[in-house]
Amino acid sequence: MSAAKYYALTRIEYDQYVATLEANVKDADVLEFGCGPYGYIYDAAPVTRSATAIDLSPVAIEMSKKKAAGLGVEIDFLEMNCEDLKFEDDSFDLIFGSSILHHLNLDQTLAEMRRVLRPGGMLVFTEPLGHNPCINLYRKLTPQMRTVDEHPLMMSDLKLISEYFPETEIGFFHLFTFAAVPFINTPLFKPVRAIGHFCDRLLFTVIPFARRWAWMSLIKAR
Numbered sequence: 001m002s003a004a005k006y007y008a009l010t011r012i013e014y015d016q017y018v019a020t021l022e023a024n025v026k027d028a029d030v031l032e033f034g035c036g037p038y039g040y041i042y043d044a045a046p047v048t049r050s051a052t053a054i055d056l057s058p059v060a061i062e063m064s065k066k067k068a069a070g071l072g073v074e075i076d077f078l079e080m081n082c083e084d085l086k087f088e089d090d091s092f093d094l095i096f097g098s099s100i101l102h103h104l105n106l107d108q109t110l111a112e113m114r115r116v117l118r119p120g121g122m123l124v125f126t127e128p129l130g131h132n133p134c135i136n137l138y139r140k141l142t143p144q145m146r147t148v149d150e151h152p153l154m155m156s157d158l159k160l161i162s163e164y165f166p167e168t169e170i171g172f173f174h175l176f177t178f179a180a181v182p183f184i185n186t187p188l189f190k191p192v193r194a195i196g197h198f199c200d201r202l203l204f205t206v207i208p209f210a211r212r213w214a215w216m217s218l219i220k221a222r
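Numbering-wise (my numbering), the sequence shown opens with residue 1 and increments by one.
Be a bit skeptical, because a hint or two may be false.
[Claimed, not checked] With a cut-off of at most 27 Å between alpha-carbon atoms, the simulated DSS-like pairs for lysine-lysine come out as follows:
| no. | residue 1 | residue 2 |
| --- | --- | --- |
| 1 | 86 | 190 |
| 2 | 140 | 159 |
| 3 | 190 | 26 |
| 4 | 5 | 26 |
| 5 | 5 | 190 |
| 6 | 190 | 159 |
| 7 | 66 | 86 |
| 8 | 65 | 86 |
| 9 | 159 | 220 |
| 10 | 65 | 26 |
It is worth saying that the hints were derived from the structure and are not from the lab.
Just so you know, these numbers come straight off a predicted model, no measurement behind them.
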């Protein structure tokens with residue numbers, strides 16, 4: 001079974017991620033971690049005060065510049081390490097990214113984000129979690145799909161985020177939703193996924209300890 005079938009589940013939290021960004025990008029100075037053809041920065045740019053995206057890869061930077069030019073949107077793409085931001089203090093109202101933090105030294109990155117965020121600024125990220133033994137087994141069996149710097153977030157990492165940003169809200173996603181994967185190419189996929197999501201929310205509300213077994217998280221912090 002291809003990984004794409006599993007990632008089809010993640011539309012749930014990604015839609016919430018996008019909705020959060022849409023509510024906060026207007027007339028804001030925004031920074032996206034990670035470049036490439038699929039970032040949200042292209043949608044954000046037309047309504048922001050300024051749009052910036054950074055990546056360590058010059059290839060990703062050039063690819064992103066070409067896409068932005070084709071779309072006719074103004075975005076500043078910079079080759080830069082997220083752990084060592086070359087921006088002034090209080091430069092941004094919003095920092096966001098999808099599956100980026102688990103590739104970084106989290107402590108250093110959080111310190112840098114806190115430095116460059118303005119008072120009242122917000123960070124929004126979707127990130128995988130690292131406690132579920134079945135998911136971890138799948139990761140171990142598919143090393144070709146990983147990079148050596150990956151470290152899915154642990155509950156201790158989420159606690160660290162809340163220490164840097166006291167107003168932190170974490171959403172947890174995907175246990176029962178995996179039941180929808182066999183139905184990926186059928187009309188049953190969306191309803192089974194929706195039922196699974198309802199069951200996930202119920203479980204994570206009634207038994208908070210179970211949240212650590214989720215696959216993905218949505219992090220909102222100020």
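Hint-by-hint comparison with the structure:
Of the pairs offered as hints, the one joining residue 86 and residue 190 is violated, with about 43 Å between alpha carbons and a cut-off of 27 Å exceeded. Proximity of residue 140 to residue 159 is assessed by CA-CA distance (about 25 Å); at most 27 Å being required, the pair is judged to hold. Of the supplied pair hints, the one linking residue 190 and residue 26 is violated, its CA atoms being roughly 31 Å apart against a limit of 27 Å. With a C-alpha separation of about 34 Å, the suggested pair residue 5 and residue 26 falls outside the 27 Å cut-off, and the hint is violated.
For a cut-off of 27 Å, the pair hint linking residue 5 to residue 190 stands: about 13 Å separates their Cα positions. Note on residue 190 and residue 159: the hinted pairing is violated, with a Cα-Cα distance of about 33 Å set against a maximum of 27 Å. Between residue 66 and residue 86 the CA atoms are separated by roughly 23 Å; this keeps the pair inside 27 Å, and the hint holds. Between residue 65 and residue 86, the direct Cα distance comes to roughly 20 Å. Compliance with the 27 Å bound is thereby established for this hinted pair.
For the given pair, residue 159 sits about 13 Å from residue 220 by alpha-carbon distance, which is consistent with the 27 Å threshold. Note on residue 65 and residue 26: the hinted pairing holds, with a Cα-Cα distance of about 22 Å set against a maximum of 27 Å.
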